Amino acid sequence: MSFHITHRTRYRYKSNVVTGYSEARLLPRDQPDQAVRSATLEVRPTPSDVREHRDYFGNRVTFFSVHEPHDELEVTAVSEVDVVHGDPPFNLLGPSWDEAVHHLRSDEAPDLLEAREFRLDSPLVRRSAALADYARPSFPPNRPLVECVVDLSNRVHTDFVYDPTATTIGTRIDELLALRRGVCQDFAHVMIGCLRSLGLAARYTSGYLETHPPPGQPRQVGADASHAWVGVLVPDVGWVDVDPTNDVLVSDRHTTLAWGRDFTDVTPLKGVVFAGGGAQELSVEVDVVRA
Amino acid sequence: MSVTPAARSTLLSAYRPHTAGWDEMVDADGVVRPHWAYLAGALDALGLDELRERHAEVDRLLRDDGVARHLHDDPDRFDDPWPLDPVPLVLPSDAWSSIERGLAQRAELFSHLLADLYGPRQLLSRGVVPPEVVVGHRGFLRHCDGMHLPGSAQLPVYGADLIRDPDGTVLVLEDLAQAPTGFGYGLESRSVLSRVFPSVYRDAQVHGLDGFFRALRMSLADNAPDGVDDPTVVILTPGRLSQSYFEHAYLATILGCPLVEGTDLSVRDGQVWLRALGGLEPVHVILRRVDGWYCDPLELRPDSQLGVPGLLDTARRGNVSVVNPVGAAVLENAALARYLPDIARALLGEDLLLDSVEAWWCGDDTQRSHVLANLDSLVVRPLAPRPSTPPVAGWERSASDLDALRAQIAADPYRWVGQAPAEPSAAPTFTRAGLEAQPCIVRSFAVGRSGSWVPMPGGLARAVDTPISSGVGVPVNKDVWVLASEPEMVAGTWMPDAPLRVSTETAGAVPSRAAENLFWMGRYSERAEVSIRLLRSILDRRATQPGGPDHAADAAMAVLMGALWQLTGVVPPLDAGEIGTLDAPDDAAALRAVLLDGDQPGSLTSNLRAFLNAANTVRDQLSSDTWLAVSNIEGDLRLLRSPIDPDAAAQVAIARVLKSLLAVSGLVMESMVRDAGWYFLDAGRRIERALGLLRLLRATIVHPAETAAQALVVESVLEASESIITYRRRYRSHARTDTLLELLLADPTNPRSLAYQLDSLTTDVDGMPRVRRTRLDGDQRLVLEAGTRLRLTDPATLAAVDDTGRHAALEDFLTSSIESLEAIASAVDAQHFTHLHRGHMLVGEAHVVPDMLETVLP
Chain A
0 MSFHITHRTR YRYKSNVVTG YSEARLLPRD QPDQAVRSAT LEVRPTPSDV REHRDYFGNR
60 VTFFSVHEPH DELEVTAVSE VDVVHGDPPF NLLGPSWDEA VHHLRSDEAP DLLEAREFRL
120 DSPLVRRSAA LADYARPSFP PNRPLVECVV DLSNRVHTDF VYDPTATTIG TRIDELLALR
180 RGVCQDFAHV MIGCLRSLGL AARYTSGYLE THPPPGQPRQ VGADASHAWV GVLVPDVGWV
240 DVDPTNDVLV SDRHTTLAWG RDFTDVTPLK GVVFAGGGAQ ELSVEVDVVR A
Chain U
0 MSVTPAARST LLSAYRPHTA GWDEMVDADG VVRPHWAYLA GALDALGLDE LRERHAEVDR
60 LLRDDGVARH LHDDPDRFDD PWPLDPVPLV LPSDAWSSIE RGLAQRAELF SHLLADLYGP
120 RQLLSRGVVP PEVVVGHRGF LRHCDGMHLP GSAQLPVYGA DLIRDPDGTV LVLEDLAQAP
180 TGFGYGLESR SVLSRVFPSV YRDAQVHGLD GFFRALRMSL ADNAPDGVDD PTVVILTPGR
240 LSQSYFEHAY LATILGCPLV EGTDLSVRDG QVWLRALGGL EPVHVILRRV DGWYCDPLEL
300 RPDSQLGVPG LLDTARRGNV SVVNPVGAAV LENAALARYL PDIARALLGE DLLLDSVEAW
360 WCGDDTQRSH VLANLDSLVV RPLAPRPSTP PVAGWERSAS DLDALRAQIA ADPYRWVGQA
420 PAEPSAAPTF TRAGLEAQPC IVRSFAVGRS GSWVPMPGGL ARAVDTPISS GVGVPVNKDV
480 WVLASEPEMV AGTWMPDAPL RVSTETAGAV PSRAAENLFW MGRYSERAEV SIRLLRSILD
540 RRATQPGGPD HAADAAMAVL MGALWQLTGV VPPLDAGEIG TLDAPDDAAA LRAVLLDGDQ
600 PGSLTSNLRA FLNAANTVRD QLSSDTWLAV SNIEGDLRLL RSPIDPDAAA QVAIARVLKS
660 LLAVSGLVME SMVRDAGWYF LDAGRRIERA LGLLRLLRAT IVHPAETAAQ ALVVESVLEA
720 SESIITYRRR YRSHARTDTL LELLLADPTN PRSLAYQLDS LTTDVDGMPR VRRTRLDGDQ
780 RLVLEAGTRL RLTDPATLAA VDDTGRHAAL EDFLTSSIES LEAIASAVDA QHFTHLHRGH
840 MLVGEAHVVP DMLETVLP
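First to last, the sequence lines map onto chains A and U. Position 266 of the first sequence, counted from 1, bears residue number 265 in numbering that gives the first Met the number 0, the numbering being contiguous throughout. Position 339 of the second sequence, counted from 1, bears residue number 338 in numbering that gives the first Met the number 0, the numbering being contiguous throughout.
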């Protein structure tokens, strides 16, 4: 499947910004199941300095700075991506979750050693007994890990209400668990917290999802949004991605931007501005079109 | 050779050697070790009383040098004493060389380790180090992945805390990698002890420290980005409230590079720039004293005001070198001790020369079992040092504390490390009673230079009462004397072992913030001086005033008190009533407010505090003698604030403050290079002196008064303007307004006159950096205008009075002159100083859910 993706972020400042430094993770990474044919980032006003590098996780990061007075910053990422997810590339009768935990603890295969980082706490996801307790019904002894994860995704989807007003970036994961409300970022964090609290390795992926218009209506430009889901490491299989917000396994309609331990590792756009700034207004438009 | 010196005092015979472990001075048979023989004999010859005297001298020198630890926010507590033992720790040459080899090996090892952890991470993928030890450490900054320094050493400055265990083996208690501190304090300790014990120091043949500091300068230069031959090096400090700010400023003077704060630096066009006077100067190497997480608010902690946005990306591009690298804190890692022997074999193919104190990492099942089984005899510490989680000595804790600790370990095993209790050796430390054996930890350092390491021959020792960890409590510091096997050539820190490159362009680079602080230092010191001079003449008049009602004297006093309010802006205490009706006791309360009310900006206390704040911020710009005079003011301020009788004692206290202020201004005149910074300091002083004079005249001379009272007032004005002797000699007459104005306003030869201040200001603004030289900038224009107006004014016309007896023309002149001086001050500020706004962080974007997909679960 091929997509043409436009992601536009606009900041409006109450008063002029003289200098602004930003860091964007808005260009999709190449992956075995994803070929990025082109990806460009356009910034207005024109930055005096732009540079791209790969971060620790291999994500594409663009640093740019603007050194002219401006009261609006517009960042537009345009990418052409081929997604080549085939059938689910794993065997559902792969290792049971308890075997997986055991492998992660004691097996010194390089990929498992590398995945151990994703079992630990991260800035927004702290493991807890409460998260483990919530997850446990999906994890009876000897059940294949992938089945457990699918079941957990289904429960998160069922138990949590999608509510864009309920949470902020600062809402803690134990609060989320009690609140049972949030956005895709929160669904992903809760699920990651559950998996890590059981000793599994889970990561956070940001990206896009092609959406279906309601029947009979044209697809609305800009109605799509950036999205987030969860990867879990299945020993002998690899990373398996699941989208708890929609209760689906990640398919060829998901396009990956970046991944890390949690949202803080993949924040799409952040910045520091000097002079003025003050209150800011933010608007985001995402458009995912089948090419 | 074993020598028991002939006892010349009881100092040595009363020493009780350490019995629980190794004693540095005395061997198991009670005999003084050979390398201690000379010092022990010398101390014994001095005796207890003399050593007490020398100790007091040590304290005095440290105070004069401004060595302090800032541990508090109390505005009057500037100098928490930094305790230094007059008795150094002595180490023999041969034993030290094996320690040096061990330090160099460890520095090399940590350098390779850092390169691997932010590079291929083979130690993790090959299973040499469990990943959690690294990726679970809060000092592991993923943002630094792939970054490296251009020099051969990736960790140019390495430090270690060493102890000697009971069987004499030297062990590493702690490795320091983030921004090792202490070598500056070590140099200062050496400088103090060599002054207090000149002949002992000379005859003991102690290894000098110069080579180490030379190597440090060279190491920083080695790290210049590719293609930069003549690097500008700066020291990045969190600021004067930082605990080791003294050392930051001291290093700036030793290394000869600007001391900067985050706001002095700015990233532009892929470069780091210093906001210097006269424009931006490129910066190539940063000696970092700011914690890694705080270095760049864009990528790291967004709430940091200590860093520079974009710094990390500039370092990533190789356009600036940060020393030590921003991610180095991961090496300050309690669990590494366990894995270091394996790491040394993997990276160097060598065995460790210096072992660490034994440690057990709780992330490993076997090691954790050991820790849990021996909790009451181990020190338990977090993987990464945290001020909020100090090491716990199991044997000092109750059973319930240990149960709580056990639960914490069980919840997050990888975050905890057990460490064998350290049993440091003890060395003689001077106490009230004499020499006492106290456990010592020695901190030493190594600096990396083109493929080799230069260890510091010595360091800084700390005598501690609880030997469990470093950095807890306030230990007593000790100089470390490594004896040289033969006398050394004295070279000095500055003698280069390679052609020395001095950049003419940046050698004089003064950060704009430093210039601003110098300007304010000048302003506050002069404000303090102006108010002291008026206070002094008021106190004099009170003291000489005859008892009983004296109409003229009372009227003069009322005018002078009014002038004091106008000059200082201090509001008299509420219960003092109307100014004009003040009687003596209320005057006393009002004077106390002018002296002591730290909440009022114009009081003497406030001015002195503000002066000290400004001076502290630019202490790297001040000569050591100037600093000595500044330190005295700290003491004076304390004296001033001890309960005083507002007359007699106040006279004494303000006389002392005045003396110290005069010492500072004398040194500023005599010892400061006339660089850009000096002109700002002088301009600040000139502006305030002129303003003080103008305000004084407006508050006293303008208003009509009876002749008798007016004469007293004029006399006090002349006194407060330091011009009474000249006046009497020159005019030999009763005080008259026209001659007074001649001397105080128009006479360019009187250093207290307005004309003199404006002439000096002209020189000052001309000496400040200018972008263009063809036209005058705003500040220059205003100074020229003020000078011209004065020259066009005839003092005789100003002395004329109107129908009501007022000097109306004088009042107009004074008011417009005050306004133009205030305008000059604002123009200097606007023209030269960078006005920084705090950065705001913009975080991310809101995530919105896509429309629901149909469920496609397999």
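Since the hints were made in silico from the structure, they are not lab data. Some clues are possibly wrong.
[To be verified] In silico SDA-like cross-links for lysine to any residue, where the CA-CA straight-line distance does not exceed 25 Å:
1) U:K658 x U:S124
2) A:K269 x U:G317
3) A:K13 x A:R43
4) A:K13 x A:E280
5) A:K269 x U:S670
6) A:K269 x A:R50
7) A:K13 x U:P301
8) U:K658 x U:S670
9) U:K658 x U:R62
10) A:K269 x A:P109
11) A:K269 x U:D302
12) A:K269 x U:D144
13) A:K269 x U:E56
14) A:K269 x U:R267
15) A:K269 x U:W272
16) A:K13 x U:Q270
17) A:K269 x U:R62
18) A:K269 x U:R300
Because the structure is a prediction, the values reported are computed rather than measured.
Index of numbered hints that the structure contradicts, given in increasing order: Hints 1, 5, 10, 13, 16 and 17 contradicted; others consistent.
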